[in-house]
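Visitor: Given chain V's structure and the hints, the job is docking chain D onto it.
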Amino acid sequence: MASTVHLLVATADREIYRGEASMVVAPGSAGDLGIYPKHAPLLCSLKAGELRVTKSDGVEVDEVFVSGGFMEVQPDMITVLADCAERAADVDMAATMEAARAAEELIAGKKDDLDFATAEAELAVATAKLAWLRKKKI
Amino acid sequence: MASAKEIRGQIKAIQNTGKITKAMEMVAASKMRKAQERVLAARPYAEGLANVIANLMQSHPEYRHPFVVEREVKRSGVIVITSDKGLCGGLNTNALKKVVSHLNAINGEADVFTIGRRGGTFLKRFKVNMVGAVENVPDSPEIVDVLGVIGLALDKYMRGELDEVHLVYSEFVNTMTQSPKLMRLLPCPLPKKATHEGYWDYLYEPDSKEVMDGLLRRYVESLVFHGVLENKACEQSARMVAMKAATDNAKEIVKDLSITYNKARQAAITQELAEICAGAAAS
Chain V
12 MASTVHLLVA TADREIYRGE ASMVVAPGSA GDLGIYPKHA PLLCSLKAGE
62 LRVTKSDGVE VDEVFVSGGF MEVQPDMITV LADCAERAAD VDMAATMEAA
112 RAAEELIAGK KDDLDFATAE AELAVATAKL AWLRKKKI
Chain D
11 MASAKEIRGQ IKAIQNTGKI TKAMEMVAAS KMRKAQERVL AARPYAEGLA
61 NVIANLMQSH PEYRHPFVVE REVKRSGVIV ITSDKGLCGG LNTNALKKVV
111 SHLNAINGEA DVFTIGRRGG TFLKRFKVNM VGAVENVPDS PEIVDVLGVI
161 GLALDKYMRG ELDEVHLVYS EFVNTMTQSP KLMRLLPCPL PKKATHEGYW
211 DYLYEPDSKE VMDGLLRRYV ESLVFHGVLE NKACEQSARM VAMKAATDNA
261 KEIVKDLSIT YNKARQAAIT QELAEICAGA AAS
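For the record, the sequence lines run as chains V and D. For the first sequence, position 36 (counting from the first letter as 1) is numbered 47 according to this note's numbering, and the numbering increases by one without interruption. For the second sequence, position 70 (counting from the first letter as 1) is numbered 80 according to this note's numbering, and the numbering increases by one without interruption.
There's no promise every hint is true.
Stated by the list, open to error - Distance condition first, Cα-Cα at most 20 Å in a straight line; then the derived SDA-like pairs of lysine to any residue:
# : chain 1 : residue 1 : chain 2 : residue 2
1 : V       : K49       : D       : Y214
2 : V       : K49       : D       : T205
3 : D       : K273      : D       : A284
4 : D       : K219      : V       : K49
5 : D       : K22       : D       : A260
The set of hints was computed from the structure by calculation and includes no laboratory data.
This is chain V alone, in the form it adopts within the complex (with noise of 0.2 Å):
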């Protein structure tokens, strides 16, 4: 395929990813959502989840996780705000487990409604991060 959309991914402190793309599915905080250039222009929140890219070859696909933000699409580029993002490369499994039960601990001993929300959010993009991890591994 021929057409190609501009996509940007940069998050708050750094930019994560820039390059041509023929297709990118994004996690739409109502669903995935496949967005192939020349796309009607489209604003849509984003939760935790993997942002797959597949360059202007149509073969080769890069994989950058998104822990939520916003994402823009305009016919000819693509923009995704992200809270947090990492590419598939820099993801440490280690780390995201170690993330998931400090989020759990700290649900398990849950000291207010505040402490609660913050853990529950965290756990669930540990949870989304090592499901994302997991696959790719098998």
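Guide: Relative to the frame of chain V, chain D by itself:
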């Protein structure tokens, strides 16, 4: 004239101080480079977000989010970004002067949120209402370090307890120059130019209000975070310059003291010789 021994002690002490300031200068220089890199690294997100907001505003003019609506100003808030540590020249003083002149302009009645310890200790002396503070911002700040205090300001604004919020931070011009900057944060300064002009609207998921709310919040957060990063770069470069001046001064003083020391030493020898001669002549 002080004795040669005393002067030698002074020289030693000043040389040691000079060594410390020299080390601090080099540390600040390397931290400055990192801080500048972080300012640059954060740019794609800020620009991407500004573009989205610009598009949003021109494609969807009928919905007015509270963050963009002007209202009569009864109560103001100020977010003040300073450094945690001193020894960085006039950086914080200049920023705080800006805060004070702003406070005077609004009759001194304001809610203050501080990021960095210096601003907090200084503004305590005024009759302002200190609402939130963040101290010990790390050298490589993450946005989560400052989200709490921004959240406080945003919530107060949403509840109508504040009608405008300003941000004061130091802007990095170059290594030698940092200029204090005052900008209005809420109601939001809107980016001017949309990347995609014309009549169209987004598809929203889940719905436009939720998406816009989240985006504008992040926009304000990213503006403050940018201020924090700039301020870090300023702090390190100001410290580098201040420490360089201190090292130069130490060298100058050591030079002067060495001359005094040599004079004192010579005077002592001359006197001793004179005494010996006088003694020899007398015997």
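Visitor: Work down the list of hints and note, for each, if the structure agrees.
Guide: To see whether the hints hold, each was checked on the structure:
no.	hint	verdict
1	V:K49 - D:Y214	17 Å, holds
2	V:K49 - D:T205	15 Å, holds
3	D:K273 - D:A284	16 Å, holds
4	D:K219 - V:K49	25 Å, violated
5	D:K22 - D:A260	11 Å, holds
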